[in-house]
Amino acid sequence: MEIVRYREDVWGREVLLGVSWDLLWLVIAASFILIMVHAAVMLARKSGPRPSPDGERLSRHAALDRWFHWITAASFFVLLATGVLPIVGVKFPWLTIHWVAGIVLTAAIVFHIVRSLFWKDLASVWIKPSDLAELTGGSAVPLPGKYSLAQKGMHMAMAVLVLIAVGTGIALLAQIDTPWWARSNFLSEAALGWMFLLHGLSTLALIGFAALHLYFTARPEKQFYLRSMVTGWVSRSELAAHHDPARWTPDAVASGDTTVEAPSALGADAR
Amino acid sequence: MSAYDVMPDIELYQPATVEDATELAARLKGKAWLLAGGQDTYGWLKDRAKTTEAMIDLKGIDALKGIREIPGGVEIGALTTLTEITRHPLIGERYSLLREAAAVVASPQIRNMGTLGGNLCQDTRCWYYRRGLSCYRAGGNICYADSPAGMNREHALFGASRCVAVSPSDTATALSALEATMIVTSRRGSREVPVDDFFVGPDVDIVNMTALADDEVLASVRLPDHWANADFHFEKVADRNVWDFALVSIAAALRMRDGRIESARFVCGGVACVPYRLPAVEQAVVGKPRSESTGEQAARLASRGAEPLNHNQFKAPLMENLVRRALRGKA
Amino acid sequence: MTYQHIGKDFTPPDIFGKVTGKAKYAEDFTADGMCYARLLVSPMPHARVKKLDLKAALAMDGVFGVLTADNLPPVEAPNGGILTNEPVFIGDPILAVAAVDEKTAEDAISRIDIELEPLPFTVNPTDSLRPAGPNAREEGNIYAGSPPQVGELHWRQDEVERFLAGGQPSAEAPIEWQYGDLEASFDNAAVILTESFVTTGYAHMSMEPRSVMSYWENGKCFVYGSTQSQSFIIPFLAPMVGVAPENLVYVSEYCGGGFGSKIFPYPIMALPAHFAKKLGRPVMLRITREEEYYIGSARVGFQGWIKAGFAADGRVSAVDLYIVQDLGPKRAGGDASSAGGAVSILYQPEALRLRSVPVLTNTTPRGAQRGPGQNQIAAIFEPMMDKAAQELGLDRVAIRRINAPDSNAKLNADQGPVTSAHMAEALDLGAKRWNWAEKAKRSGRRKGSKVTGIGIGQGYHAAGTSGFDGLVRITPDGKIHLHSGVGNLGTYSYASTTRAAAEALKCDWSQCEIVHGRSAAHLPWSSYQAGSVTIFTHTRANHVAALDAVAKLKEVAAAALGGQAGDYDIDGQRVFHRNRASRALSYGEAAAKAIEMGGKYSGDEVPEDIHDVTKRAVAGIAGTGLVGVAKDSLPMRGTVPGFAIGFVEIELDVETGKHEIIDYLAVGECGTVVHPLGLANQLRGGGVWGFGMATTERHVYDPQNGLPANVGFYQCKPPTYLDVPSNMDWAAADIPDPDNPVGARGIGEPAMGCAVAAVMCALSDALGGHLFNRTPVTPDVILSHIAGLPPTSGPLAINTF
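First to last, the sequence lines map onto chains C, V and X. Per numbering that gives the first Met the number 0, the first sequence starts with residue 0, numbered consecutively. Per numbering that gives the first Met the number 0, the second sequence starts with residue 0, numbered consecutively. Per numbering that gives the first Met the number 0, the third sequence starts with residue 0, numbered consecutively.
No lab work stands behind these hints: they were computed from the structure. Misleading hints may appear alongside valid ones.
[Stated by the list, open to error] Here are the computed lysine-lysine pairs in the DSS-like style, where the Cα-Cα straight-line distance is at most 30 Å:
#1 Lys45/V with Lys50/X
#2 Lys478/X with Lys440/X
#3 Lys30/V with Lys90/C
#4 Lys505/X with Lys49/V
[To be verified] Computed list of chain X residues with no C-beta within reach of chain C, every gap over 10 Å:
#5 Thr1
#6 Val99
#7 Gly165
#8 Pro724
#9 Leu770
#10 Gly787
[As the list claims (entries may be wrong)] Here are some, though not all, of the chain C residues that point toward chain X, as calculated from beta-carbon distances under 8 Å:
#11 Val9
#12 Trp10
#13 Gly11
On a predicted model such as this, the values are computed, not experimentally measured, just so you know. Don't be surprised by glycine CBs; every beta carbon is placed ideally from N, CA and C.
Bound conformation, chain C alone (with noise of 0.2 Å):
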């Protein structure tokens, strides 16, 4: 299987096309084999009781990062299938609604960038080599803070990723006509051909830490997440059994408003 293609320049040079769609089905195949395997072993673990939603809530997400994240993962899901389906062989006029939703993922991106630098608490998702302690596991190491190893580096991840694409995404809306200019051919062939690369390569890459956001999401265990990002608290027994208290130590939100901001739908789900 061939990881990266080549074409001949405009005067026969072997010159980077992109990556091998070929990776495309290794990656699903792969992502699908590690959740299969993490749930399995999940499956035979013996869980606990899980912790109680009731009680005091807590802010986890502020409202503005709840909507952040889901344009976000919306714009994300448009790329990624206006992206690639037309690869698996699903024809229809892709290219205008992946680039504008590539312009709505880039804002929401500028948006959280001077936000976190700004206005958030950067260090909550920065990896301390603290953090690492929770890589052995087992019930002697302390709980994390706000986020975990885990989510910091889902997080970390997803940034590298999703600055890649997007960086080369701006290179390559460069070479097309929008409402704004006419394409030119300013990228030098060989340029052209490491955006396609890298493009193609993060966004290989970013299915796969997508289908495991969303397996993990979806856990049992994990699933105030989900509302939490939806509504934004954790309860207080949530904090207890995820995290050190000592470590993170959320603001108590007044009840009644836990829902209004949230995207309807995963609201009600959450609920």
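Please arrange chains V and X on chain C, whose structure you already have, making use of the hints.
Relative to the frame of chain C, chains V and X by itself:
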């Protein structure tokens, strides 16, 4: 680089029935090249700009040839030569639009060899693509024609999406105006594809110009009674009278009632990757007489939405003029 | 004068082969053990070969070997080498592979690992002339000087901008000549026109690509090629293949078109001989249509500026010409000077200045193409004549007649004489035959969307030279063998020029046999057959050879039958005593006697002044008959001009930009008509070429990567049968030239120049006198003009519109 000129080794299949052909097409899916008159094929293969492991020669299949009357219209086998179409009385009497279009395809020699199916399914003539460059249409990631210094006099005004190549087929333009239906067959069975769905633009499929799947064969084209004996206008403007592809062509079918246009189809060739319908013109002329002044009004709508490239601005006024002429009728 | 052969149609003997397909062109020949070569050509417009790995190709079954530039003698820039390690245009041959068949050779080429380093390139001369513009060759960007060599010239930015904007050029021009007082003559002008213009280059489009087959046998090199001439090739090709001229056997019985691109042996012609020597087996190199567009030569393009002054009476007073030439990457480029020369003779201006900048570009190599320079300027200057006529209130034929050259005409920088000229008579003849007075009234007439355009155009080219040899032989069977070293370039001049010998020998055509097409048939030294020279030059050579034979017939008769040679005369294939007709020898008997007498009569002795090629030819036939051989030393008192005038009526559809040629008349002013059918076809064929140059044919290059768009017939758009009128009328002034024994002058190139000019004038006429100042004028150009759209390309864009 070599200026290749010799046919490479290709496994040749010569089925005698449609069933055998579709069976082969299914078995060799993606690896076989369908051969009709060969007027497009041999250039690609001899230049080695495209290659194929196998070739399915459809010329031996009599069932794909000929013109016959069917309930609701006329059916033309895809392997019917363009010369036969120009000479057949059914076409001349009822669908002279198609006759006129077929009569200006390429050159007399090419019309003798070239088939309707081949003319409809031929690949675009974008010179960059024909050179064998790995552009979008060839599965690459770049367009050489649509860039600030690209030489794109012959390229698209409408519907470009990364690729700016245009449909080269004269008969496609006419068949679009005649609201033809393509009969597409494969081992999975036959399907009817309306002409407007048969041709696809680069936004949907950047490497194919038709909706034919790998295992499908264009078997025939059906012309509906609805447009038989309508008022027609076909015109092709090319650099030379012979051999050249349309800079712009127009096919118009007008259904008249009481001296007024009841319904109409206007289609331009050479301006988009597909035969380009002019719905604004079609709507604007309904209820009006076929006249200079109707033409004058409609012409303004013809090139609306055009997105000219560096060297093809002239196609916009040319389209307008051709609409004007179509409504003016024969001098 | 009444002639037996001159001015009469006849059937050239090769026509049967052409019609039946039995004619053998270079690629139709085979030899035992022959292998096939194919070329690897440059994919880059300018590059250097960095790495070449042939292992995979050479390891293939059926591959015999590879030839690279390193295996060949070096050449000095910008001469075209056979193969190169520094390709200077896309399609420049880098190496050749020989194999058992072409498919294997092509497969082998696809397995060659080659790495090229791209170098700066340009497809536009004015881009190269910019201060830091790219040079087409490492050695520089212009080709000029005496002798010409590659140099470097860049203008100041403001000079470039000024030129592109149509301002009077002030930048340095390496070529400059002038006669007369330019300033004073402009001062005397009533009307001064200033125009800048472009004529783009385009392919020669020879129907037969330049395929070659070669092999070596007993120290002799056999070459089967395609050239305009036959004997002329030998002394040039011999050193190219590395053999003494006497050991080169050259066969070119048919030439499927050359049009200037097959005058001299072209570099690739020597490839099979070198390859055959290396491999020890015959090599066929079949040139593909695409390759023919790469290496088959093309017309030089012009980016220019003209200032022309006209006196109140319509006389052209002064012309100032500035021409930047697009030379391609190799040696070329007399076009600009030729353009100046054409203006100097056609309009006889009091003063003229020509300045020219010959710039190298990374486009297909250029060479002389039918009227090189003369026809480009005809396309531009003739519409200016119309504009001047309009401003001066003169008829368009009249203004040309006012300036028409006669036998006292002067031309070129040195204002030298012509042998004769009768353009006034030719204009009168054409105007009458075409009914100019009536048709001119149709100018601008509107019929629906169609507008009538009436055009008249004039073409010129020097059309004759001298100093070549003629050779005739009469054998004892009475046959007259007319040895013609003239190539069979499609005009039948190889045959029609021998009619001058038959005329002088007063013999039946049925007794004549033309010997031509292969050097082994013993052919005399012949001209280059370019510049329309053949009919003038070789009727002379045939004439002097026939006169030599006639003199010898008389001497042989006197020796056999008594009396003095002067007592004898010839007729009816007999040499007889003037007073006693019974004292006579048939030509056959005289030939037998000549063999018996030997010496000069049988070719055992030859004149000193004939060319080595002819000496060898005579040596080959010595002792087989009576040999007449001589070098043409007849007087030639000036430039031999060839002129033609085209009259055309077009209908231009202003809604589609398309035009139809309704009616065309070509008038030749080329001395005596030697072969009416041949002349008619030259005038018509030249007409078609002219139509193509005016309206369809052009180079298109992608300036981003130097890529040529036209590598096939359909992309190059020569006019087809259905693009030209089915009837094209012709006429000839038919006034003998005093410096040719039968009165003939050449016509090939003017026949095209007059047509391109006439169509350009007609298009302009249809659009109310708008000057396009460029060739070709395609439908999009017309539509854009009518719609008032801005130009799509930059000013003076060449190769990119």
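Status of the hints after comparison with the structure:
For the proposed pair Lys45/V and Lys50/X, the alpha carbon gap of about 28 Å is at most 30 Å, so the pair holds. Straight-line distance between C-alpha atoms of Lys478/X and Lys440/X comes to about 57 Å, which puts the hinted pair past the 30 Å bound. Proposed proximity of Lys30/V and Lys90/C is supported: the alpha carbons are some 20 Å apart, at most 30 Å. Proximity of Lys505/X to Lys49/V is assessed by CA-CA distance (about 63 Å); at most 30 Å being required, the pair is judged violated.
With a least CB separation of 66 Å from chain C, Thr1/X remains clear of the 10 Å interface cut-off, as annotated. Every C-beta of chain C lies more than 10 Å from that of Val99/X, the closest at about 26 Å, which supports listing it as non-interface. Listed as a non-interface residue, Gly165/X keeps its Cβ farther than 10 Å from every Cβ of chain C; the least gap is roughly 29 Å. Listed as outside the interface, Pro724/X is consistent with that label: its C-beta sits roughly 42 Å from the nearest C-beta of chain C, beyond the 10 Å cut-off.
At roughly 32 Å from the closest C-beta of chain C, the C-beta of Leu770/X stays outside 10 Å, upholding its exclusion from the interface. The beta carbon of Gly787/X is kept farther than 10 Å from every beta carbon of chain C, the shortest such distance being approximately 22 Å. This hint holds: Val9/C has a C-beta 5 Å from the nearest C-beta of chain X, less than the 8 Å allowed. This hint holds: Trp10/C has a C-beta 5 Å from the nearest C-beta of chain X, less than the 8 Å allowed.
Here the hint on Gly11/C is kept, as its CB sits about 4 Å from the closest CB of chain X, short of 8 Å.
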